[in-house]
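**Q** This is what each chain is made of:
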Amino acid sequence: MNETGEGGTMKSYRKELWFETRERMAFLNITNQVQEAVTESKVQEGVALVNAMHITASVFINDDESGLHRDYKQFLEKLAPHEPISQYRHNDTGEDNGDAHIKRQIMGREVVVAITNASLDFGPWEQIFYGEFDGRRRKRVLIKIIGE
Amino acid sequence: MNETGEGGTMKSYRKELWFETRERMAFLNITNQVQEAVTESKVQEGVALVNAMHITASVFINDDESGLHRDYKQFLEKLAPHEPISQYRHNDTGEDNGDAHIKRQIMGREVVVAITNASLDFGPWEQIFYGEFDGRRRKRVLIKIIGE
Amino acid sequence: MNETGEGGTMKSYRKELWFETRERMAFLNITNQVQEAVTESKVQEGVALVNAMHITASVFINDDESGLHRDYKQFLEKLAPHEPISQYRHNDTGEDNGDAHIKRQIMGREVVVAITNASLDFGPWEQIFYGEFDGRRRKRVLIKIIGE
Numbered sequence: 373m374n375e376t377g378e379g380g381t382m383k384s385y386r387k388e389l390w391f392e393t394r395e396r397m398a399f400l401n402i403t404n405q406v407q408e409a410v411t412e413s414k415v416q417e418g419v420a421l422v423n424a425m426h427i428t429a430s431v432f433i434n435d436d437e438s439g440l441h442r443d444y445k446q447f448l449e450k451l452a453p454h455e456p457i458s459q460y461r462h463n464d465t466g467e468d469n470g471d472a473h474i475k476r477q478i479m480g481r482e483v484v485v486a487i488t489n490a491s492l493d494f495g496p497w498e499q500i501f502y503g504e505f506d507g508r509r510r511k512r513v514l515i516k517i518i519g520e
Numbered sequence: 373m374n375e376t377g378e379g380g381t382m383k384s385y386r387k388e389l390w391f392e393t394r395e396r397m398a399f400l401n402i403t404n405q406v407q408e409a410v411t412e413s414k415v416q417e418g419v420a421l422v423n424a425m426h427i428t429a430s431v432f433i434n435d436d437e438s439g440l441h442r443d444y445k446q447f448l449e450k451l452a453p454h455e456p457i458s459q460y461r462h463n464d465t466g467e468d469n470g471d472a473h474i475k476r477q478i479m480g481r482e483v484v485v486a487i488t489n490a491s492l493d494f495g496p497w498e499q500i501f502y503g504e505f506d507g508r509r510r511k512r513v514l515i516k517i518i519g520e
Numbered sequence: 373m374n375e376t377g378e379g380g381t382m383k384s385y386r387k388e389l390w391f392e393t394r395e396r397m398a399f400l401n402i403t404n405q406v407q408e409a410v411t412e413s414k415v416q417e418g419v420a421l422v423n424a425m426h427i428t429a430s431v432f433i434n435d436d437e438s439g440l441h442r443d444y445k446q447f448l449e450k451l452a453p454h455e456p457i458s459q460y461r462h463n464d465t466g467e468d469n470g471d472a473h474i475k476r477q478i479m480g481r482e483v484v485v486a487i488t489n490a491s492l493d494f495g496p497w498e499q500i501f502y503g504e505f506d507g508r509r510r511k512r513v514l515i516k517i518i519g520e
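Residue numbers (the working numbering), protein chains in the order written: chain H, 373 to 520; chain D, 373 to 520; chain X, 373 to 520.
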């Protein structure tokens, strides 16, 4: 099924989501909040950019399955362990989040999602997650929607 | 060479590509199919979003060189081995593709490619690949094009 | 603060940046050059795609902190060491940059950044970097801006 938009004026919409997780590392399903922003934007055909505004956090798309999320956390912790914090030169600045900057690069900063018929255009299991790697502080996600 | 589009009405176009690989892990060059969609869209200036619609598959851009593809497979298999499948909590659900969810995050879900003069705006060696990490079933890629 | 663009004609803008690093692996802050392109584009609301045009280089967003950059280099070198070059089948072609193709996939090819009020719409520490993994030759980054 191919679909062609008829062509119209371009609209844009911007919204921030705020989070504060209790854990250092956490994944939050934000799919409904992003769809809500798409509806508010009145965009029928276009794209939604969803990105972490902080550099120790990610936005990514995968399955909402708790076993998988445990696998991701274990995988990331093995690749870039939080401790000892002295292993990261970034932590010489007084920070303790050197690992979080690496974990975020692996999981990615952003997703771009198609909007079709005013909805997120998703496969069967796609869900959008906010990935926190240095939690316990208030942080933001930016949603920017453009389309017609 | 800087180029400015004159400004016009926004168009959009949507197309799905379907794949079924014989191997569990495989890389398919889909560059021509994406360019075909760009041509069908009649968009002259804009962007093409190309994303896996399944969460154990990737779309990525790199070189079409078989030695490199073997290196990628070996690298990914070392980082997140398929076996033993009992090492992944996701597989407690009855799946055996816990590794594929991790491999897909490393290689990425999507690419966004510039469209200039109705063509994919690429450097000398850039080619678009569908990356399959849990094959032998039918899966889709979404192409969403917006522009003028 | 949610903001809705009023709707207008779509504009596009394209610009290339050229680099030649002295080191094999290097990170260059290109934030100001991307903002300059946004200003030149006269786009008020939209998105900027910034991507490496070469397949052994990345564009990514993180902190401009030298300790962190050393951590990234050490992490990437451990995951995909440059030497021995014989460990990569890609290098059987006569290349010595098999590792660089892997490093680039981990750090990513591109970023998509929101443009709001004619500026890059960034969180407090976000900076755009060109990531080079096979330097000492001239290479390009593409900036493609669309919006209204």
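You may find that some hints are simply not true.
Identical chains blur together in the list; that is why a pair holds if it fits in one copy or across any two.
Below are the SDA-like pairs computed for lysine to any residue, each with C-alpha atoms no more than 20 Å apart in a straight line [stated by the list, open to error]:
1. Lys511 <-> Pro496
2. Lys445 <-> Thr465
3. Lys450 <-> Arg461
4. Lys414 <-> Gln446
5. Lys445 <-> Asp464
6. Lys450 <-> Phe391
7. Lys511 <-> Leu492
8. Lys511 <-> Gln405
9. Lys450 <-> Glu375
10. Lys511 <-> Phe494
11. Lys511 <-> Gly495
12. Lys445 <-> Arg461
13. Lys511 <-> Trp497
14. Lys445 <-> Phe391
15. Lys450 <-> Trp497
16. Lys445 <-> Thr488
Since the hints were derived computationally from the structure, they do not count as laboratory data.
**Q** Hint by hint, note whether the structure agrees.
**A** Comparing the hints with the structure gives:
In this assembly of identical chains, the alpha carbons of Lys511 and Pro496 lie at most 20 Å apart only when taken from different copies (10 Å versus 29 Å within one copy). In this assembly of identical chains, Lys445 and Thr465 lie within 20 Å of each other by CA distance solely across copies; the values are 18 Å between and 25 Å within a copy. For a Cα distance limit of 20 Å, the shortest separation of Lys450 from Arg461 qualifies both inside one copy, at 18 Å, and across copies, at 15 Å. Taking the shortest Cα distances, Lys414 and Gln446 never come within 20 Å of each other, neither inside one copy (40 Å) nor across copies (45 Å).
For a Cα distance limit of 20 Å, the shortest separation of Lys445 from Asp464 across copies, 16 Å, qualifies, whereas the shortest one inside one copy, 25 Å, does not. Taking the shortest alpha-carbon separations for Lys450 and Phe391, neither the intra-copy value of 25 Å nor the inter-copy value of 33 Å comes in at or below 20 Å. With identical chains, the CA atoms of Lys511 and Leu492 are at most 20 Å apart between copies only, with a shortest distance of 18 Å across copies and 24 Å within one. Proximity of Lys511 and Gln405 under a CA criterion of 20 Å is satisfied intra-copy only: 16 Å inside one chain copy versus 27 Å between copies.
Within a single copy, Lys450 and Glu375 get their C-alpha atoms no closer than 44 Å, and across copies no closer than 41 Å, so neither meets the 20 Å cut-off. Only between protomers do Lys511 and Phe494 lie at most 20 Å apart by alpha-carbon distance; the minimum there is 13 Å, versus 26 Å within a single protomer. Taking the shortest Cα distances, Lys511 and Gly495 sit within 20 Å of each other only across copies (9 Å), while inside one copy they are farther apart (28 Å). Taking the shortest alpha-carbon separations for Lys445 and Arg461, only the inter-copy value of 11 Å comes in at or below 20 Å, while the best intra-copy value is 22 Å.
Taking CA atoms no more than 20 Å apart as the test, Lys511 paired with Trp497 passes between copies only; the shortest distance there is 12 Å, against 26 Å inside one copy. Taking the shortest Cα distances, Lys445 and Phe391 sit within 20 Å of each other inside one copy (19 Å), while across copies they are farther apart (30 Å). For a Cα distance limit of 20 Å, the shortest separation of Lys450 from Trp497 qualifies neither inside one copy, at 26 Å, nor across copies, at 26 Å. Taking the shortest Cα distances, Lys445 and Thr488 never come within 20 Å of each other, neither inside one copy (33 Å) nor across copies (34 Å).
Comparing the model with each earlier hint shows violations of hints 4, 6, 9, 15 and 16; every other hint is respected.
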